[in-house]
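Protein chains: 2
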Amino acid sequence: MPRLWDATIEAHRSQVRDAILETTSALVAERGLLAVTMSQIAEATGIGRATLYKYFPDVPTILLAWHERQITAHLAQLTQIRDQVGDPDARLEAVLAAYTTLSQHGHGQDDSIIGLLHRDEHVAHAQQQVHNMIRELLAEAAAAGHARDDVPPEELATYCLHALSAARRLPTPEAIGRLVMLTVAAVRRPG
Amino acid sequence: MPRLWDATIEAHRSQVRDAILETTSALVAERGLLAVTMSQIAEATGIGRATLYKYFPDVPTILLAWHERQITAHLAQLTQIRDQVGDPDARLEAVLAAYTTLSQHGHGQDDSIIGLLHRDEHVAHAQQQVHNMIRELLAEAAAAGHARDDVPPEELATYCLHALSAARRLPTPEAIGRLVMLTVAAVRRPG
Chain A
1 MPRLWDATIE
11 AHRSQVRDAI
21 LETTSALVAE
31 RGLLAVTMSQ
41 IAEATGIGRA
51 TLYKYFPDVP
61 TILLAWHERQ
71 ITAHLAQLTQ
81 IRDQVGDPDA
91 RLEAVLAAYT
101 TLSQHGHGQD
111 DSIIGLLHRD
121 EHVAHAQQQV
131 HNMIRELLAE
141 AAAAGHARDD
151 VPPEELATYC
161 LHALSAARRL
171 PTPEAIGRLV
181 MLTVAAVRRP
191 G
Chain E
192 MPRLWDATIE
202 AHRSQVRDAI
212 LETTSALVAE
222 RGLLAVTMSQ
232 IAEATGIGRA
242 TLYKYFPDVP
252 TILLAWHERQ
262 ITAHLAQLTQ
272 IRDQVGDPDA
282 RLEAVLAAYT
292 TLSQHGHGQD
302 DSIIGLLHRD
312 EHVAHAQQQV
322 HNMIRELLAE
332 AAAAGHARDD
342 VPPEELATYC
352 LHALSAARRL
362 PTPEAIGRLV
372 MLTVAAVRRP
382 G
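Top line first, the protein sequences correspond to chains A and E. Heads up: the first sequence runs through residues 1 to 191, numbered per this note's numbering. Heads up: the second sequence runs through residues 192 to 382, numbered per this note's numbering.
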């Protein structure tokens with residue numbers, strides 16, 4: 001009985017936490033980081049202010065937890081896509097295209113917030129895992145003769161992630177598709 | 192006599208302003224945006240606090256003025272390089288390489304500060320001029336048959352500027368050279 005109760009408590013806490021993350025992300029995207037207060041978050045989530053403070057000390061911490069959860073979920077999706085595609089060249093392109101689409105979603109946040117988030121070590125760690133996956137795919141594609149081998153995979157991965165961040169500035173899915181095509185074209189072995 | 196006096200005053204004001212900009216940029220790069228106060232800036236510049244407030248109301252405004260001045264100076268340098276190189280293909284690569292080197296300099300500032308700066312309309316305007324120049328070079332190179340014409344020059348320019356921002360994450364001038372080579376490779380007409 002105590003163990004079942006613990007599990008119930010844990011599931012409840014996890015639900016409340018998720019609700020806080022979603023609400024905060026939506027409020028910040030709508031109003032900006034500096035305009036959102038803990039009181040507004042508590043009210044929009046439908047919990048008391050005292051309860052909210054049992055979960056998180058302030059707005060930036062909530063946003064960091066949200067961003068970390070996002071990247072971790074994206075990493076799981078990218079891993080799945082990677083493992084579904086057999087050919088190393090097609091695999092690289094599929095993962096980069098999916099990464100670009102995923103990092104568009106839920107990013108109402110602007111550059112300055114993203115900058116602040118990426119200084120956090122948990123978020124940086126999650127982002128590094130995405131970087132590592134892309135780097136490994138590039139190394140694999142280079143070994144198979146598809147990707148260029150005159151630039152280290154580490155640098156190619158850094159290039160890809162920055163080039164694909166241009167997606168936030170592009171107006172249509174077609175333009176984003178062309179960006180992925182361009183980015184992949186540069187890492188392909190010439191000739 | 193009054194006109195000469197006005198010119199002297201103007202030159203003095205301009206010198207003080209430049210000194211404030213340089214000092215603030217150095218302090219922020221060293222200590223971070225939130226750790227630098229107006230008093231510290233006044234002291235490091237060698238002027239009184241009251242004088243400083245006659246020039247600028249707060250630290251972010253000084254940093255914005257500094258960043259705007261940087262981008263404007265870079266634009267002038269890029270224009271000069273553009274006008275020196277005859278061949279459209281070589282011109283594009285020379286300007287992109289110079290842009291990458293210039294935007295490295297004096298950027299002790301981290302991502303979150305750069306994000307904040309780019310929300311300012313003056314800085315955004317100066318940055319837009321750099322974007323326009325790159326777009327025109329790409330259109331010119333496409334017309335000459337060097338750059339690809341299956342992606343609009345506007346999108347190619349957005350791609351280039353984001354891809355080249357990876358330079359801030361690269362450890363050596365050689366790695367930055369490879370980044371410029373990769374970025375340009377993608378915009379070249381295939382085949």
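Just so you know, the hints here were simulated from the structure itself, not pulled from any lab data. Remember, it's a predicted structure, so these values are computed and weren't measured experimentally. By construction, the Cβ of each residue, glycine as well, lies at the ideal position given by its N, Cα and C atoms. Incorrect hints may have been included.
[Stated by the list, open to error] Coverage of chain E stretches by chain A, computed from C-beta distances (three or more under 8 Å per stretch; other residues unrestricted):
#1 358-368
#2 376-382
[What the hints assert, rightly or not] Per label pair, the in silico range of CB-to-CB distance:
#3 E:G223 / A:R3: 42 to 50 Å
#4 E:S230 / A:G48: 40 to 48 Å
#5 A:Q104 / E:Q231: 20 to 28 Å
#6 E:A335 / A:P57: 56 to 64 Å
#7 A:P57 / E:R208: 39 to 47 Å
[Claimed, not checked] One-sided and incomplete, this derived list gives chain A residues near chain E with beta-carbon spacing under 8 Å:
#8 I81
#9 D83
#10 Q84
#11 V130
#12 M133
#13 H162
#14 S165
#15 A166
#16 A175
#17 R178
#18 A185
#19 R189
Hints, one by one, checked against the model:
Closer than 8 Å: that is the beta-carbon criterion, and the stretch 358-368 of chain E has 3 residues meeting it against chain A, so the requirement of 3 holds. Check result for the stretch 376-382 of chain E against chain A: holds, 4 residues qualifying (beta carbon to beta carbon below 8 Å, three or more required). For G223 of chain E and R3 of chain A, the hinted distance range of 42 to 50 Å is satisfied, since their beta carbons lie about 47 Å from each other. Checking the proposed 40 to 48 Å range against S230 of chain E and G48 of chain A shows it holds: the Cβ atoms sit about 41 Å from each other.
Judged by the Cβ atoms, the range 20 to 28 Å given for Q104 of chain A and Q231 of chain E is violated: they are separated by roughly 40 Å. For A335 of chain E and P57 of chain A, the Cβ-Cβ distance of about 58 Å falls inside the hinted range of 56 to 64 Å, so the restraint holds. Between P57 of chain A and R208 of chain E the CB atoms are about 41 Å apart, so this pair conforms to the stated range of 39 to 47 Å. Given hint, I81 of chain A at the interface with chain E, is violated; its Cβ is 23 Å from that chain's nearest Cβ, farther than 8 Å.
About 27 Å separates the beta-carbon of D83 of chain A from the nearest beta-carbon of chain E, more than 8 Å, and the hint is not met. Restraint check, Q84 of chain A versus chain E: the minimum CB separation of about 26 Å is more than 8 Å; hint violated. Checking V130 of chain A against chain E by beta carbon gives a least distance of about 14 Å; that is not within 8 Å, so the hint is violated. Annotation: interface hint on M133 of chain A violated; nearest CB of chain E at approximately 17 Å, more than 8 Å.
Taking 8 Å as the C-beta cut-off, the interface hint given for H162 of chain A holds, the closest approach to chain E being about 4 Å. Because the closest C-beta pair between S165 of chain A and chain E is about 5 Å apart, less than 8 Å, the hint holds. Of the supplied interface hints, the one on A166 of chain A holds, with its beta-carbon coming within about 4 Å of a beta-carbon of chain E, less than 8 Å. A least Cβ separation of about 5 Å between A175 of chain A and chain E falls short of the 8 Å threshold, and the interface hint therefore holds.
Interface restraint check: R178 of chain A against chain E, minimum CB-CB distance 5 Å, threshold 8 Å, status holds. The closest approach between the C-beta of A185 of chain A and any C-beta of chain E is roughly 5 Å, which is under the 8 Å cut-off, so the hint is satisfied. At about 11 Å, the closest approach between the beta carbon of R189 of chain A and any beta carbon in chain E exceeds 8 Å, and the interface hint on this residue is violated.
Checked against the numbered hints above, the structure breaks hints 5, 8, 9, 10, 11, 12 and 19 and satisfies the rest.
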